[in-house]
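Participant: Sequence:
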Amino acid sequence: MEVRVRYAPSPTGLQHIGGVRTALFNYFFAKSNGGKFILRVEDTDRERYSDESLQDLYDTLDWLGIKWDEGPVVGGPCGPYIQSERFSIYQEYAKKLVEMGKAYYCYCSAERLEALRQKQIEEKSPVQGYDGHCRNLTAEQRAELEAQGIKPVIRLKVPREGSTTFHDVLMGDITRDNKDISPDPVLLKSDGFPTYHLANVIDDHMMGITHIMRAQEWIPSGPLHVLLYQAFGWEIPTYCHLPMVMGNDGHKLSKRHGSTSVRDFRKKGYLPEALLNYVSLVGWSYDGEKEFFSREELEKCFSLEKINKAPGVFDYQKLDWFNAQYIRRKSDSELADLLMPYLVEAGLLEEGAKDRLLAFVPGIKDRITLLSDVVPMASFVKDSGEPEASLLIPKKMDATGTLDALKHVYDTVKVGLEAGKNDEELQQDLMDLATKLGIKNAGVFNPLRTAVTGMAVSPPPFSCIRLLGKEESYRRIERAISVLEKEIENV
RNA sequence: GGUUCCAUCGUCUAGGGGUUAGGACGGGAGAUUCUCAGUCUCUAAACAGGGGUUCGAUUCCCCUUGGAACUACCA
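Be aware that the first sequence starts at 112, since it is given in the numbering used here, and climbs by one per residue.
Honestly, the hints are just simulated from the structure, not real lab data. Don't take every hint at face value.
As the list claims (entries may be wrong) - Derived lysine-lysine pairs resembling BS3-like cross-links, with alpha carbons at most 27 Å apart:
#, residue 1, residue 2
1, Lys178, Lys441
2, Lys476, Lys379
3, Lys507, Lys547
4, Lys230, Lys268
5, Lys581, Lys597
6, Lys465, Lys493
7, Lys379, Lys493
8, Lys178, Lys417
9, Lys493, Lys518
10, Lys518, Lys551
11, Lys235, Lys268
12, Lys518, Lys532
13, Lys551, Lys597
14, Lys366, Lys429
15, Lys363, Lys235
16, Lys230, Lys262
17, Lys401, Lys178
18, Lys300, Lys230
19, Lys551, Lys506
20, Lys581, Lys547
21, Lys378, Lys465
22, Lys525, Lys597
23, Lys300, Lys262
24, Lys493, Lys476
25, Lys506, Lys525
None of the values given here were measured: they were computed from a predicted structure.
Start from the sequences, fold in the hints, and give me the full structure.
Facilitator: Put into structure tokens, the structure is as follows:
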């Protein structure tokens, strides 16, 4: 039988790490089994729905390179794949359940329900949830309530006796006494839209979903869903509840732990391959040794058996490490293209200046963890004015010695640059110069660095000169020389 | 409160009746270097506790403890 799995998010917020992890595991499971990955939009909560969230869903999956076989935009044989467009289907099936005597209309007000809940919490009642108030309404009572214009909801009749068991690939059998299952949950809301439970079960069945892979937070509603499948007389899919993704305090990952939306990570300059690689390793491993996986590799080697049962803490530091690793694997040209938008946005570079950026890239490739790290490193492009003499003079050197060194450096650099030498050759020239002058390498490199960038810490001087351009670099070195000359005069 | 799930270094994990319990991030030390990074080498660091089963348990079973999730006309 063909494997058919789905990722079924609700567009009520930006895609976050936890959701993406679920999407990835479903996708990789489908691909590694030659099955289909289906995307379904569960937009039955009209209160919290937003177009932005829906767009963010598409953008996120695109960015990660995850293509869905069936779903919105691409269509498929089981459409529509957006639940709000399946409105009438849920109505029909909910009514069918009522006709079969497995569900009933409920007219209770939100106020009554709220009061009930408060009371249960205060009393620390072992039973929490609906009290079945409308379970046995007579036709007359119903007619009267209808006449008052009350829009009813439809609730499932959950058996009070017995227990319900479902099998989970990872967890084994999970059993719950029926009395502990959410008592008579709402299936169809008063606005006519289904709740998650109803829509989810109907769609998974109608779309031929074979495996339900979702986070462990859904375990408690497993028995309820099984009850629903049984009520309809449908086959129960295979369950696989994924370990949750936690923050460093051991609680479900959320905004208070830091960025969690993929959009944030993307904006900060994380690479999709790094995020995908790292997220795939939270709750899953291959052999405990190999840890670099491309999307294509994961599409082949992902397997359910290697999923961990215990929840995993999302480690921002390890993600950073992965990102730095992936940045280093980029070609200079690719990286330059990736970096350009950050520099343009910061007003440090013009769109067309890729050549200059390309020459700067080798100097920063090993120094950045996030793409956005390039901004502070290239900030010297904006002239911060005449540098302080003290900044120009290296430790254990004086103004006179520094001036002498910088003049020689200037000549050497200018000659080399005009002769078209590369960074390695220029570097060698300066090292030779230091030897000739009888000073340490730092004595030539540091004055050059501070003269050109105005910073004590910077990428290699020649990389900076490439980014800045020859003429501006010469101007800054000349300026530094005059600063030193003035300094000597004043003493 | 009730229900369910979970438990190997700080973190992600490998392993599995007999191992020096392996790897990675992070930490520490050293080397390299023009600053900062990076890179390389070395290093500290774990089977939650108690009972069983067994010749032998970190591994299998039970209990305890700890943690988490759920408990909506949200998903």
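Participant: Broken hints, numbered, in rising order?
Facilitator: none
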